[in-house]
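Asker: Top to bottom, those sequences are chains D and B.
According to our numbering, the first sequence is numbered sequentially starting from 31.
According to our numbering, the second sequence is numbered sequentially starting from 2.
Please note that the accuracy of each hint is not assured.
Covered by chain D, according to a simulated footprint, are these stretches of chain B (three or more residues, beta-carbon under 8 Å) [stated by the list, open to error]:
1) 17-30
2) 42-51
3) 117-124
4) 247-258
None of these hints come from the bench; they were simulated from the model.
All values derive from a computational prediction rather than experimental measurement.
Where a beta carbon is used, it is the ideal one built from N, C-alpha and C, also for glycine.
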Amino acid sequence: MAKNLGKIVGINGNMVSVETDSQVSLNEVGFILLNEQRLKAEVIRITGKRLELQVFEATSGLSIGNSVEFSGELLTVELGPGLLTQIYDGLQNPLPELAEQCGFFLQRGIYLNALPRNIEWDFTPSAKVGDTVSSAYTLGTVPEGQFKHRVMVPFSYTESYTIKDIKSSGKYTVDTEIAIIEDEKGNKYSVSMMFTWPVKRPITAYAERLKPGAPMVTKTRIVDTFLPVALGGTYCIPGPFGAGKTVLQQVTSKNAEVDIVIIAACGERAGEVVETLKEFPELIDPQTGKSLMERTIIICNTSSMPVAAREASVYTAVTLAEYYRQMGLNVLLLADSTSRWAQAMREMSGRLEEIPGEEAFPAYLESTIASFYERAGLVRLKTGEYGSVTIGGTVSPAGGNFEEPVTQATLKVVGAFHGLSRERSDARKYPAIHPLESWSKYPSVVPVEKVNYARSVLFRGNEVGQMMKVVGEEGTSIEDYLIYLKSDFLDFVYLQQNSFDPIDASVSVDRQNYIFDILLTILGGKFDLSNKAESRKYFNKLRQIFLDYNGAEWQSDDFKKLETELIDLIKVKKSGNLEDAYIFQKV
Amino acid sequence: MRKVYSKIESISGNVISVSAEGVNYNDLAVVTSSHGESLANVIRMNGNSVSLQVFSGGRGVSTGDEVRFLGHPMQVSFSENLLGRIFTGSGKPRDNGPELTENMIDIGGPSVNPAKRIIPRNMIRTGIPMIDIFNSLVESQKLPIFSVSGEPYNELLSRIAMQAEVDMIILGGMGLKYDDYLSFKETLEEGGAMSRTIFFVHTAADPIVECLLVPDMSLAVAEKFALGGKKVLVLLTDMTNFADAMKEIAITMEQVPSNRGYPGDLYSQLASRYEKAVDFEGAGSITILAVTTMPGDDVTHPVPDNTGYITEGQYYLRNGRIEPFGSLSRLKQMVNGDTREDHRPVMDGMIKLYAAYKESQEKKSMGFRMSDWDEKLLKYGALFESEMMDLSVNIPLEKALDNGWRILAESFTSDETGLRTDLLNKFWPSEKESR
Ligand SMILES: Nc1ncnc2c1ncn2[C@@H]1O[C@H](COP(=O)(O)OP(=O)(O)OP(=O)(O)O)[C@@H](O)[C@H]1O
Ligand SMILES: [Mg+2]
Chain D
31 MAKNLGKIVG
41 INGNMVSVET
51 DSQVSLNEVG
61 FILLNEQRLK
71 AEVIRITGKR
81 LELQVFEATS
91 GLSIGNSVEF
101 SGELLTVELG
111 PGLLTQIYDG
121 LQNPLPELAE
131 QCGFFLQRGI
141 YLNALPRNIE
151 WDFTPSAKVG
161 DTVSSAYTLG
171 TVPEGQFKHR
181 VMVPFSYTES
191 YTIKDIKSSG
201 KYTVDTEIAI
211 IEDEKGNKYS
221 VSMMFTWPVK
231 RPITAYAERL
241 KPGAPMVTKT
251 RIVDTFLPVA
261 LGGTYCIPGP
271 FGAGKTVLQQ
281 VTSKNAEVDI
291 VIIAACGERA
301 GEVVETLKEF
311 PELIDPQTGK
321 SLMERTIIIC
331 NTSSMPVAAR
341 EASVYTAVTL
351 AEYYRQMGLN
361 VLLLADSTSR
371 WAQAMREMSG
381 RLEEIPGEEA
391 FPAYLESTIA
401 SFYERAGLVR
411 LKTGEYGSVT
421 IGGTVSPAGG
431 NFEEPVTQAT
441 LKVVGAFHGL
451 SRERSDARKY
461 PAIHPLESWS
471 KYPSVVPVEK
481 VNYARSVLFR
491 GNEVGQMMKV
501 VGEEGTSIED
511 YLIYLKSDFL
521 DFVYLQQNSF
531 DPIDASVSVD
541 RQNYIFDILL
551 TILGGKFDLS
561 NKAESRKYFN
571 KLRQIFLDYN
581 GAEWQSDDFK
591 KLETELIDLI
601 KVKKSGNLED
611 AYIFQKV
Chain B
2 MRKVYSKIES
12 ISGNVISVSA
22 EGVNYNDLAV
32 VTSSHGESLA
42 NVIRMNGNSV
52 SLQVFSGGRG
62 VSTGDEVRFL
72 GHPMQVSFSE
82 NLLGRIFTGS
92 GKPRDNGPEL
102 TENMIDIGGP
112 SVNPAKRIIP
122 RNMIRTGIPM
132 IDIFNSLVES
142 QKLPIFSVSG
152 EPYNELLSRI
162 AMQAEVDMII
172 LGGMGLKYDD
182 YLSFKETLEE
192 GGAMSRTIFF
202 VHTAADPIVE
212 CLLVPDMSLA
222 VAEKFALGGK
232 KVLVLLTDMT
242 NFADAMKEIA
252 ITMEQVPSNR
262 GYPGDLYSQL
272 ASRYEKAVDF
282 EGAGSITILA
292 VTTMPGDDVT
302 HPVPDNTGYI
312 TEGQYYLRNG
322 RIEPFGSLSR
332 LKQMVNGDTR
342 EDHRPVMDGM
352 IKLYAAYKES
362 QEKKSMGFRM
372 SDWDEKLLKY
382 GALFESEMMD
392 LSVNIPLEKA
402 LDNGWRILAE
412 SFTSDETGLR
422 TDLLNKFWPS
432 EKESR
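With the hints as constraints, model all of the structure from the sequences given.
Answerer: In structure tokens form, the structure reads like this:
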């Protein structure tokens, strides 16, 4: 078949205009031929014979008349065993291999296989000749690290097929034929362990989508208890620069109780990815005892890499997440920062001379963000098993002001909002999530009435704090002052959490529930305190012990010793007996 | 021989367009007008119409002037001969020395493969306590000084440059006042550092397009030296002028502005420069220290705002001092663990107490009663400001830490500092010392 060709007629930054007589589809991939190089590009507008393409590479050196060869395919990724532990750029180029070939610098026009072709995988068939299969049906499995990676009927095979031939157990490379399937009309198809899928099309080869409910445990107290995220849910972290978005995501990527974590470093600093890159292989995942890297994929299109590929990178990431969801796994996708992705769209929209919306973002910003987050979800597979994709995205609002288009569009579609405040990060109150302004629609790991009670203390304490700024400590009643101290205490020992302390950095659900009860004893308790200086001293003491308690290993001797110390101190000043103090009976 | 075009079809601001063939995107051209020659580069092509931005500006260019394409993008000469020399933004000598044309290299090259980066690990000592103790500068870091016009940011830059233990310095000046340019030169000459320095200077009087070239010229040269094993410190002042130059071109090109007139790709443009900061495994490094003036002292202005999202922290220079709040070196924890055991605790402890001092000060200004504790904090705050924050203080880190302990001991009893007992036993000054 003759290749579809076109010629460049205009160049503006990373957008080229092309004229062609061939039939080309929207989002089709084209390659610009420049000397020996082939530069990847994507068709983003078609008007008659004139096409606009966004080029995933620097366009310097291109000229009018250069040929463009169309591939007939949309922008796709390779799916199959060997994705885990990889570090890809936005177009699924493996960066370490690229470095081996090109040295220190990225070189345009070099596209390597995403999946290694030389590895032989240990295939065990689970289907047999004569079985009736459809898309996503498991033909067999290969061990990929700690997972049983399912070799499935490619998702684009939407009909019903019969297995005509299937390989027996053995070692095969990803591109070896492992089965032949036949459709009802008698057409035969060869299937290997890998296939491709267009990144901008959601994978829906499951039975049904369900409402998320079970918590996606992050082991960050303020999140799990107060602002929970659900498996298959979505959440966003907007915040001004330096407020702690990236650190929060890094901590979550280490501690989250999920099977697979996909990190999409989208238009942010390369140095931050390097930290993950160097650290993860050394860190042990407490759930599996294996290195954290074994459950991780990094998609890395940092700020100085080509902008169009940045736009593609979030789609690449979510497609890989959906792929592993089809294996009945819980996948967490962390994107830092979705604003950079939105800006990439804005740059392209500007070059296309589209009518600009607010802050020059395109009019379709909102729907594009919505359809991205819609790719998250809890699903029931055709086998009856469950799988999920949870998406958490950071937002970097201009000027730190949440009233801007990207934050607003995101807030409309996510299930939880973790807003970081400059005030809290300046005061080194990490994680700097604002406890009163943020919200979540998902259920907490702690019973709701307890959380509500604590929240009300926080709310009242905040009111008193505001008032005290005006009238001073002198003008505040002792009752109000105690509420203020309690709320400050809650903030200090529960909402704030030291991400760099080995114990405090990750707190299990059991421990959260356990210490929350003790916390409530204090929040709900009536104390025998009559002056402010004494009260402050007393709460400082409580705080000191509670901090040490937080730093002690769960259920260790030290932990128990500190707990006794804490309870004794509570008893000293509490009126009534200790049991009353628990406003909620312990079960 | 390349073809010469002599029909300029339009001139708008600094952008001209001509009808031409066989031109490559981003290529350079020479525009010859009655005022002399200027370089220009291709920024847009549509059919045969080629738009170029003219480095020396569109003023004085007439439709009959000649445009000669050079067949390559902007380049700069790279060799040891650059050392000690001063150039304009487009690489022409500004110091009466010979023009350099050997070993030309492209500017604005590709970025480093993230997989080839390493975790930064070397502290750059500056002798400034507010930096060394509280926000250590790290080799390969990219860090701006946020300030407003009138503040001594250029003095601070040249002082750090003089004291930093680096192999060479590249100064990229953008919209620099002529006097400031001369003071940079003087400081470096007096300090005997001129022979390891290269200047790419665009002064306020020079054509705006040359301003746009300064970071790329400086960084392309820095990159080559770093690959050759040199620790290079690149100073870029003032990046707000660079951003404003971009804004001007964008408006001429009728691009839709995104925020206060700045183009939508401001973030990417700034990032592609700052991300050149790197530590090459087995070779040298590039550290970028920049100045970003904040119009109207507003940190939410698009230039400081986008910069903050790109760089690894920032130093706030206000009233001639580096502010302890807001200033941040995001890489400090990678180096301050192995300087001296009291470094981190002193850093945290002193800042916490300084924050408490600020509260007491505010209470005082509102007329609330001052307790004994408040009085102690007020004394501490005054000492901290005069002995730690004053930029004229110039001492090594260890001496600065010792001073920190002395200030604490002069203001508080040891148990009031919130510092760990083992540290207090080791570092708390005895009665005599604390005088
Ligand atoms: N949980 C935390 N514990 C301790 N320090 C923190 C924490 N979170 C953030 N920090 C401090 O704040 C700095 C900035 O945090 P981070 O890089 O996460 O900010 P960010 O919101 O991602 O900023 P940007 O938008 O510029 O990328 C960190 O380098 C660290 O010093
Ligand atoms: Mg970040």
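Asker: Taking the earlier hints as the rules, which of them does this structure contradict?
Answerer: none
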